[in-house]
Every structure is written in structure tokens, then in C-alpha cells.
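Engineer: Sequences and hints are given; from them, build the entire structure.
Line by line, the protein sequences give chains Z and L.
In terms of numbering that gives the first Met the number 0, the first sequence opens at residue 0 and continues consecutively.
In terms of numbering that gives the first Met the number 0, the second sequence opens at residue 0 and continues consecutively.
A couple of the hints might just be wrong.
Said to hold, decoys possible - Using C-beta positions, here's what the derived DEER-type ranges look like:
1) L:P264 with Z:R157: 44 to 50 Å
2) Z:R157 with L:T78: 35 to 41 Å
3) L:P43 with Z:V102: 42 to 48 Å
4) Z:A295 with L:G259: 34 to 40 Å
5) L:R268 with Z:R117: 54 to 60 Å
6) L:D76 with Z:V224: 28 to 34 Å
7) Z:A296 with L:T78: 25 to 31 Å
To be verified - No farther apart than 16 Å at their CA atoms in a straight line, the calculated lysine to aspartate or glutamate pairs in the EDC-like style are these:
8) Z:K266 with L:D126
9) L:K149 with L:D126
10) L:K252 with Z:E213
11) Z:K466 with Z:E349
12) Z:K493 with Z:E349
13) L:K189 with Z:D197
14) Z:K268 with L:D126
As the list claims (entries may be wrong) - If we take Cβ atoms under 10 Å as the criterion, some of the chain L residues that face chain Z in the derived model are:
15) L50
16) V80
17) P81
18) V158
19) V230
20) G259
Think of the hints as simulated: they come from the structure by calculation, not from any bench.
Computed from a prediction, not measured in an experiment: that's the story for all the values here.
Heads up, the beta-carbon is just placed ideally off N, CA and C, and yes, glycines get one too.
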Amino acid sequence: MLKHRVLVAVLLAAFGATVLAQAPTAPRADAPPAPAIDLTGYWTPPMHEDAMERGAGSEIADYGGFALNEAGRLWALSYDPSRVTLRHHQCDAYVTAYQMRAVGNFRVWEERDPHNMRLIAIHVWGQTTEGHRTIWMDGRPHPPAWAPHTFRGFSTGRFVGNALVVSTTHIKQGWLRRNGTPESDQATVTEFFVRHGDHLTNTTVVNDPVFLSEPQVRSNDFSRVPVDHAAWLYACDDGEQILDRAPDFVPHYMFGKQPYAKEFSQKYKLPLAASVDGAPSMYPGYSATLRTVTDAAANALFEPATGKPNETAKVPDPEPRDGEIHVLPIREHTYMLVGDSGNIVVQTGEQGVFVVDTGAGTLADKVIAAIRRLSPKPIQFIANTSVHAEHVGGNAKIAAAGADLSLPGSFFQGQGATMGAVTGFFGQIGATATMLAHNNVAVRMQAANAPAAAIPPDTYLEDRRRKFYNDEAIELFYEANAITDGDSLVHFRKADVIVAGDLFTTTQYPVIDLKNGGTVQGEIKALNDILNRTVFEHEEDGGTMIVPGHGYLSNEHEVLEYRDMVVIVRDRVKAMIDAGATLAQVRTARVTADYDTRYGANTGPWTTAMFVEAVYNSLKPPAATNRSR
Amino acid sequence: MTHRFRAGFLVVVVAIATIGPATVHGQRGGPPPGPGGRQAGPPPTPRAGALADLTGYWVSLVTEDWRYRQFTPPKGDYTSVPLSPAGRKIADAWDPAKDETAGEQCKAYGAAGLMRMPTRVHITWQDDTTLKLETDAGTQTRTFAFGDAKGQGGDWQGVSTASWDYPRQLFPPAFGLGRGGGTPPGGSLKVVTTKMKPGYLRKNGVPYSATTVMTEYFDRFDIPGGDSLLVVSTEIVDPEYLATPYWTSTHFKRQADAAGWNPTPCAAR
Chain Z
0 MLKHRVLVAV LLAAFGATVL AQAPTAPRAD APPAPAIDLT GYWTPPMHED
50 AMERGAGSEI ADYGGFALNE AGRLWALSYD PSRVTLRHHQ CDAYVTAYQM
100 RAVGNFRVWE ERDPHNMRLI AIHVWGQTTE GHRTIWMDGR PHPPAWAPHT
150 FRGFSTGRFV GNALVVSTTH IKQGWLRRNG TPESDQATVT EFFVRHGDHL
200 TNTTVVNDPV FLSEPQVRSN DFSRVPVDHA AWLYACDDGE QILDRAPDFV
250 PHYMFGKQPY AKEFSQKYKL PLAASVDGAP SMYPGYSATL RTVTDAAANA
300 LFEPATGKPN ETAKVPDPEP RDGEIHVLPI REHTYMLVGD SGNIVVQTGE
350 QGVFVVDTGA GTLADKVIAA IRRLSPKPIQ FIANTSVHAE HVGGNAKIAA
400 AGADLSLPGS FFQGQGATMG AVTGFFGQIG ATATMLAHNN VAVRMQAANA
450 PAAAIPPDTY LEDRRRKFYN DEAIELFYEA NAITDGDSLV HFRKADVIVA
500 GDLFTTTQYP VIDLKNGGTV QGEIKALNDI LNRTVFEHEE DGGTMIVPGH
550 GYLSNEHEVL EYRDMVVIVR DRVKAMIDAG ATLAQVRTAR VTADYDTRYG
600 ANTGPWTTAM FVEAVYNSLK PPAATNRSR
Chain L
0 MTHRFRAGFL VVVVAIATIG PATVHGQRGG PPPGPGGRQA GPPPTPRAGA
50 LADLTGYWVS LVTEDWRYRQ FTPPKGDYTS VPLSPAGRKI ADAWDPAKDE
100 TAGEQCKAYG AAGLMRMPTR VHITWQDDTT LKLETDAGTQ TRTFAFGDAK
150 GQGGDWQGVS TASWDYPRQL FPPAFGLGRG GGTPPGGSLK VVTTKMKPGY
200 LRKNGVPYSA TTVMTEYFDR FDIPGGDSLL VVSTEIVDPE YLATPYWTST
250 HFKRQADAAG WNPTPCAAR
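Structural biologist: Shown next as C-alpha cells:
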């Protein structure tokens, strides 16, 4: 009798509730599909494919089976593995697709809403580079183009058939293979996870318009293991590896000078072109076609193609261009305002509002409205990072919308009329926000006959200006002769946000404005100065956030890659100058060929040719510059 | 036990008896239930009940083990393959000239090595219960029979049995709880191949034996931009020449037509 009751109770527990629940079985139209597969647990890769790549590491110049375009191939050939000895590269993490390919176990767990058990996210923790990846399953949209990138990127997933399909965007620049085969920060990844018993297959499809000529597909196998393998690593901490290097030294090889580039083909007796031939190397019949490739044609693959126009950036426009101002919270009451060309930063607090840069000014009213939504306090300070129009364009309007309440009733008010007569400033003391900048900004604006109301009156001359505002230390650092001769970095120390102005952008080659005092050496120093003030949070992700003059919110990794690029281009141009090359010869050599698909432009206000010319003329001794033209 | 309790118990037992077969039917490997979760008449043929359309032309994307697949690697280079000592011994003795003399140029084109070849693949339904897979590399044909195995094997392609494999359903569709509640959303083609003539996993004589059992899952994925991928996840178990099961996954891109289809004979080198 008792055992019957127990049996019935068990059965009812199993099925009775089910019967009660039958009425509402039809899922709501908006309900997410039930998980088709369960990925939770511990997984390990058998590494029965590409064991060398995933273990000891790939050989130099082994790019066979990768759809690298010319830029990707040249970027890889220029890469010197010694670059990872640089402090800021030591903790580079793996990007999503490579994380799945590289050696290392991972574990997966689900995050569910405790009230309704809906799946919110699937979390993946990778052993290699100790990365935490979140795959959002709750239907949230991907962030806007100006949001930060991370090594794992931003992933959303959905179940399609028997697969988990994951879409990842906002990935940092990293590797497709860790012998320098690059994946750009513009890459997106589509993944398919399918589980067959305890065998998991993860297929990654990388679309990278910058470095690939077609999607790169790889499939990775994992075996489910019943218990924690207990082999987790620990967070990377960089250190001093090679001392006494110049701060502007970046290990790389000149085009055609990679001394080990041909070792791979020689070692395995492969045709020279085989491992550097890009997409064709992926397809059937490739080995047969190689028999017709001459040595000259193969050797040509190791340098930029001659007689070819510069490539242009294959990058979606990161500007919203919808006539609206978009607000991206950064940290600690600090916000990035996007939409009026140059990025604007707003810090709010008890005392008032501190603004860095004012955009082009075409949307100044909307900028003011956006600031009003962030704080009812007056805009008290405006700092300008440079004299460029996309950073001072809104000065007059935004300053007029603010007020510096520290001035009314002060000494300056009493002297306002007198001082205003002498300087042109302080005419209406405290009635507007106070504008700060390096003195050369004011000088350049005056020389350009800018309206007095737009010219920063509160300027500084030396290396540093500081202010304690809204319970936060704010520092302005002068970067001499970088983009111009009046550039400042603005560091919000509590929020740990650095506003870089056009010293750093994610959209174009640096606008080295020689007429206004810019130089390539100053630009490199400025980028290094940013890097000297940053701290990453975990494996080169997070930490100090950097607001570029244009483009997406970054951290030190983006500045680092940008610094590397400027140094490498500088080195190439300098080597040609040292060899007696004219500007025309430098241009023909396509010294930016591996970066043009990322930053290049052949039209518009700042072209690749203008950048190369600026670098050339910064480096060329002045007396000889004219002769080179 | 009261009469009332006995009656209740009987109801539960009858319910289980009714539900049970449906539940079993809904497990991995069985035919999928009909729309709405009810068994709609006789089960459809494998062709009619296909969980994915794998037919058409596909071209391999050799992006992994590239050096081993696009070129014939040197003798003794079996990196990544978990060969047993006996397997290594065979691989170290590879002699392509000997294979040619013996008329065994197709040793690397047997079922366990074929899909790793750089090749185009053409998949069609031979009949309602048999899928046919042809390759232009080596001009080989594999057949995947749903239901009873066909053929005696002993040739390069062995005997392959097929089934549609879909995510496990914990409850029958009628219950509507958990992961059950309707037609399975899609699935894989599972193919188990045995009775193969001994051949090579790689062209340089990395062996598999006649006792090999190969289990493959064929999945089709549609990717942004309109392309489709065929991913073949493979487990090869060879008690003679492999120390552990050997896992690979091999991917192909869908072609609109037969472009590039170029049947070639087997080559031992």
C-alpha cells in the first residue's frame, strides 16, 4: 500500500503537473525558443587539427588556407613576434574566433531569470587568456557603432534548428592565428554550436572587410568532460621584458625584408607562393594551379603590388549621421556625446558640468539639450583638445548656454570691463562657461579670425593644467607639435577616462596638421603619453577608457595598435628618406598598404596621400623638403 | 487499497502506457513527430522527413590542416593524429610507389579520408531511403542508407547507415513542458560507416584499419550573405591504429551549380 502511494506520488509529480499545465502549452509568440541544446559544463579540445598552431604555435609566414587580402598578407609579413615583448602587448587576449581555435579548455554556464527561468545569457570562460564571454540570449540589440570593443566582443545568440547561432560584433583587433595573421577590429563573427552527445562542434565564420577577401570558416571540436579539469590560469600582468628600448620602437619588418618569410615553404618543400596566396589556397585544385606560378610572381606577394592606387577603408561609417546627438555613458557621471562630428565628453556633478570639446557646432543646440538631460547644473567649463573645427565648432553656443558661477561677485567681475577692453575676454564675466585650452589654440583661432566668443580665454602654456571639479581631479596635458601645436589630453582621474581629441581616432590616419605645428614625432610621443597613463582591467580589456576625437570609445589596446601603425609608417618613410627617396617615390611605394583598408581615403578632407606627405615632410630636413616635391 | 485509489492508480498506469511509446519515439535517432507533436499517420520517408536539405554541390574550404590536405606531407609527418604504435609503424613505412604498383592509389580516398580531401561534393537522393554523396576528388561515391544497411563492404567506402538526429526531447510533444512541445526544430544527418577496406587518413600513409568505425554528423548552416555551410563532424574509432578516437570537423561551402566539378582519378602522391 505504501509503496503504491509512493509510486503514485512520484508519477503524479512527474506527469500530474504536466497535465495541469497543458492548457497554456502554446508558447507566446514573443517567447524565445526553448534551448535546443545544453552547452553547460566543462569542455576540452582534442586538437586533432592544427595541433602545432594550437599548441606550440604556428610557423612564421604560414598563412595557407587563410583568405587574407593584400593588406592582411602585408600586415602579417610585417609583424615581428618580438612585438609581444612590448609592455602593452604582453597581455593581449585572444579574440573570439581564435579563442575557440586556440588551445584551452572552457566551461559554460547559464544565467536565467530566477522568476521565470528564461534564459538570459550563456557564459563561456576560456582557459587561455582567462576570458569571460557572455552570449546574450534575451534578444537585446547589439550596441551602437561607437560603443567599446573587447577581445570577446558583444555576442547575441539564438537557437536555430539544433544549433546555437551566435553573432558577435565589437571585437578588438587580434589574431586569426598567433603568428601575426591579423583580424581587424571591424571583423564580425557568426558561430554555430552543435552538440552530438558529448561531442561539440563550434563553427566560426569571420567576416573581416579589412584583412580578408572572403569569410574565414573554421570548425572546432570539443569533448565534454565530467569534472573541472582544475587547470585554470590566472590574469596576465605585464612587466619589463627588454630594457632600454626607445619609447617609439615597435618591432616590425620592412616590406619584403621579413628574413624568415620563406622558411616555411623551404622547410616543407612547398611552392613559395603557397602559404601567402590568400583565398585561392583554400580551394580544391590549388596545388595544381601553383605549378604555373613563377618565382617572380611568388616573390611579388611579399611586397605591396606596384602601380596600384591606394586602397580605401572598408569600414562602415561609425558616425550616426542622423541629425541627433547620442549619449554613451562611460563611467562615474562621464558621458560621450556622439553625432556632431567630433566626439564630446561631458562630466556632471554637484558643482556643474565640465565639457571637453564641442563638436562641429552644427548640432550645438542638440548637444546643449543632451547635456541638460544629463544635469540641471550649469555648464561651467569647456576644454578644447585642439584648434580643429570639429572640436571647437560649438564653443560659442555651448559656452553661451552655460555660466561660470564662480566669477560673478569675484575680483574678475569688478575688473571685467577693464579686462574685456584690453583682452577681448571677460566682457560678460561669468555669464558663459569658461573655456580652457592650450594657449596655441587661442592664438591659432585668433589668427584665423574666429569669433571672440568661441576662443578659449583661459589658457595654459606649460605641460599641465589641473583642476579639481565635481569631486574629481581633472588634468590637461599639453602634447607639443603632435596633430597641431596646441593639443591637449584631458584626463578625468576618478572616472579614469582620457579624452584624446584627434591625437587618436578610430576612423582615419592622424590628421598631422603641419601648417598648425603638427609633426609625426610629436604624434607618436602623444600616443605614448596616453599609453603611459593607462591601466587595463583584464587582459588588455577595460580599465582606462580613451575617447577618440572620432570613432568608438576605446581603451589602451586601440591606442596601442594606432601607435604601432604610426611608428611603422614613420619607419618606412624614414628609411626611404634616408635612402634618398623623393615624396613621389614614397607615395608610389605604398608605405601604408597594410593599413589602407582600415584607415585609407582617396577623397575627402584627409587622404592617405596627405598623411604620407605629412609624415614625409615632418621627417625631411626643412631645407630639402621643397626639392622633394 | 480502496476501490477509489485502485481506479486512480489505473488511470495513471493507462496514462503512462499511452504516453510511454510516444516518449520513446521522441528520443534521439527516431523519426520526428508530425506537426503539433502528434504522430500523423505512417512515419514519413527519410527523404520526406529530412531535417535538413543537404543536397546540391558543395566545395571544401581547406582552412584547417592545410599543409596536410592541400599537399602530400612527408612520410612520417602525422602531427595531430593520435596514432597508436602500430599505426605509426605503418605510417613510417609508407611507399606510394608500392601503392601504385598494387593498384591501390585510392587508399587516401576511402570513407575515413575522403571528406578531408580538397574536393567538391555532390549530394543527391538516390531514392527515398538513400542519400548519395559523390566527390570529384578520386571520383568516389558514398551511399548512406536509412534503415537496414546495404552492401557487404570491404571496399573503400564501406557500409554506411544513416539516420536523422535531432535534439533529445525529454517529454513527448503532447506534454508541452520543457524541451518537448512540437516538431523538432531541425537536426543532423548521422552516418555510421563500417566495413571499410583499410586506407589512409592522410595521403602520406597515415593508416586506418578494417575494424574502423566512423561516425559522422552532417549539419547545414546558413550564414549571413546567403551562403550555406555543410559541416561534417567526424569521430573515427580504430582499435588497431589509433590510440584514441580521432575527431575532426570538415566544412564545405554550398555552390549554386556544378561549377568547378572536375572528376579526377585517385593519386597516390
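Engineer: None of the hints should be skipped; say for each whether it holds.
Structural biologist: A quick look at each hint next to the structure:
Separation of P264 of chain L from R157 of chain Z is about 45 Å and conforms to the stated range, judged on CB atoms against 44 to 50 Å. Checked against the hint of 35 to 41 Å, the pair R157 of chain Z and T78 of chain L passes, with Cβ atoms roughly 37 Å apart. For the pair P43 of chain L and V102 of chain Z, the supplied restraint of 42 to 48 Å holds, since their beta-carbon distance comes to about 44 Å. One distance hint, 34 to 40 Å for the beta-carbon pair A295 of chain Z and G259 of chain L, is violated here, with the actual separation near 28 Å.
Hint check: R268 of chain L to R117 of chain Z, Cβ distance near 57 Å, so the stated range 54 to 60 Å holds. Distance hint for D76 of chain L and V224 of chain Z: a CB-CB separation of about 29 Å, consistent with the stated range 28 to 34 Å. Between A296 of chain Z and T78 of chain L the Cβ separation comes to about 30 Å, which falls inside the hinted range of 25 to 31 Å. For a cut-off of 16 Å, the pair hint linking K266 of chain Z to D126 of chain L is broken: about 49 Å separates their Cα positions.
The straight-line distance between the Cα atoms of K149 of chain L and D126 of chain L is roughly 13 Å, inside the 16 Å bound, and the hint therefore holds. Distance check on the hinted pair: K252 of chain L and E213 of chain Z sit about 12 Å apart at the alpha-carbon level, within 16 Å; holds. With a C-alpha separation of about 15 Å, the suggested pair K466 of chain Z and E349 of chain Z falls inside the 16 Å cut-off, and the hint holds. The hinted pair formed by K493 of chain Z and E349 of chain Z meets the criterion: a straight-line CA distance of about 15 Å does not exceed 16 Å.
For the hint pairing K189 of chain L with D197 of chain Z, the CA-to-CA distance comes to about 15 Å; that is within 16 Å, so the pair holds. A threshold of 16 Å between alpha carbons decides the hint, and for K268 of chain Z with D126 of chain L the separation of about 46 Å lies outside it, so the pair is violated. Residue-level restraint check for L50 of chain L holds (minimum Cβ-Cβ distance to chain Z is 8 Å; threshold 10 Å). Look at V80 of chain L: its Cβ gets to within about 7 Å of chain Z, closer than 10 Å, so that hint holds up.
Residue-level restraint check for P81 of chain L holds (minimum Cβ-Cβ distance to chain Z is 7 Å; threshold 10 Å). Below 10 Å, beta-carbon pairs count as interface contacts, and V158 of chain L has none with chain Z, the closest being about 21 Å; its hint is therefore violated. The beta carbon of V230 of chain L comes within 5 Å of a beta carbon in chain Z, closer than 10 Å, and the hint placing it at the interface holds. With a least beta-carbon distance of about 7 Å to chain Z, the hint placing G259 of chain L at the interface is held under the 10 Å criterion.
Checked against the numbered hints given earlier, this structure breaks hints 4, 8, 14 and 18; the rest are met.
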